[in-house]
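Colleague: Each chain is listed here by its residues.
Protein chains: 2
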Amino acid sequence: MTDHPIRIHGLNLSPPCRIVMIFCKLHNIPYELVVVDLTKGEHKSPEFLAINPYGQVPAITHGSFSLGECGAIIYYLAEAFHTDSQWFPSNPQLRAIINSSLHWHHTNTMKALTPYLFEKIVGPRFFGRPQITVEKEAEVTANLDAFLRRIDTIFESGVYIARTSSPTIADILLFSYLSQLEMENFDFGPYKSVRKWYGEIDSIPAVREVHEPLRQFIQNVS
Amino acid sequence: MTDHPIRIHGLNLSPPCRIVMIFCKLHNIPYELVVVDLTKGEHKSPEFLAINPYGQVPAITHGSFSLGECGAIIYYLAEAFHTDSQWFPSNPQLRAIINSSLHWHHTNTMKALTPYLFEKIVGPRFFGRPQITVEKEAEVTANLDAFLRRIDTIFESGVYIARTSSPTIADILLFSYLSQLEMENFDFGPYKSVRKWYGEIDSIPAVREVHEPLRQFIQNVS
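Listed in order, the protein sequences are those of chains V and H.
Mind the numbering: the first sequence is residues 192 to 413 in our numbering, read in order.
Mind the numbering: the second sequence is residues 192 to 413 in our numbering, read in order.
Among the clues, some could well be false.
Identical copies go unnamed one by one, so any copy, or any two together, can satisfy a pair.
Using 30 angstroms as the maximum straight-line C-alpha spacing, the simulated DSSO-like pairs for lysine-lysine come out as follows [what the hints assert, rightly or not]: (1) 216 - 327; (2) 387 - 235; (3) 383 - 235; (4) 216 - 302; (5) 311 - 216.
Keep in mind that the hints were calculated from the coordinates and are not lab data.
Here the structure is a predicted model, which means the values were calculated and not measured.
Take these sequences, add in the hints, and give me the full structure.
Modeller: Listed below in structure tokens is the structure:
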């Protein structure tokens, strides 16, 4: 199966799509990006639902096989291409710990970040939603702050997000979500260890490269 | 490592803990349940955080190794004990599809079910929260209804939740969360295919056995 090309159905501006692209680049897995235009509802089209019945990006196709959910895609690619790297080691216990972090992310990173991003930035700017109220802003900011303080403590203790001694795909996942905060030039200053970690992950060439379209987009809409 | 006993740190009343216990029973993996009393905050104790820094149940210990997040635990146990069954087949593509469903669950099942359960049942009954308002009840009920209608369509088409032709651990995960609705004797009647599926999963001996303490609890507090 490794001789079939990987198609990533998604878009550069989506964090989970970026993670899959970065994973491929880090492991020299060739891929083709098949753009799914969410603004045209292409992720709910019969063609796309045949690839991913969840109607979400990213999805991959690998020969006649298709798969959704970035955490599952990473695991599948690692198995199919027999990858073994610091990003997602083949050692079963290390892989399990990183996989655990990919699950944790859904109910922690997302829970803190999504309401902040949607209510404060993306909703009003791109979806015609009303400006956020003072009360709501205080609430979403407090939740994001609590999350950032929590991960700041983790990084301060000298480990990465999955408690490993070097960065893994779980750090890249976290980074790809937090990088959306660049849309409002968010100040990581109060979270010293997060800021240092953010700079370190951002300096990985594959991460920089895949984030370039997001940064272009931010520049264009500023 | 398979000669080390598995310790499951958690409790019978927690859906993700039940899933790990059921997985072990289905694959004859011996385990010991180490009860973590959430009402005493034991999941935030230094002893527990040393096992699972996320401060959540379940966690497992396997020799000196420890791991949190039920989706990651299932994958780890399957690898460590070389399991291969209809519940989580070793075939890489089937396993990937089921793993994908375990990820999907976080932002779909949980998103629809948790607010309904907490705001309407668990909060007022067990945490001294005020009774749900009429508006809030309409909102959480509509979200749960939309989710149940969605999965009803999936089951109606003759497949299980991960689109497999026989039930998998993803169905057991979904069941273990939905079974919480038995606390209010929820009527699955309007969702005919969900109701049929629910009865089928409930008839699996390991599922019944691990759900017995929940049903006892419901009887005791009714």
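Colleague: Each hint should be assessed against the structure and marked as holding or not.
Modeller: How the hints compare with the structure:
Within a single copy, residue 216 and residue 327 get their C-alpha atoms no closer than 39 angstroms, and across copies no closer than 46 angstroms, so neither meets the 30 angstroms cut-off. In this assembly of identical chains, the alpha carbons of residue 387 and residue 235 lie at most 30 angstroms apart only when taken from different copies (28 angstroms versus 39 angstroms within one copy). For a Cα distance limit of 30 angstroms, the shortest separation of residue 383 from residue 235 across copies, 25 angstroms, qualifies, whereas the shortest one inside one copy, 41 angstroms, does not. For a Cα distance limit of 30 angstroms, the shortest separation of residue 216 from residue 302 inside one copy, 28 angstroms, qualifies, whereas the shortest one across copies, 32 angstroms, does not.
Taking the shortest alpha-carbon separations for residue 311 and residue 216, neither the intra-copy value of 32 angstroms nor the inter-copy value of 46 angstroms comes in at or below 30 angstroms.
Violated hints, in rising order: 1 and 5; the structure is consistent with all others.
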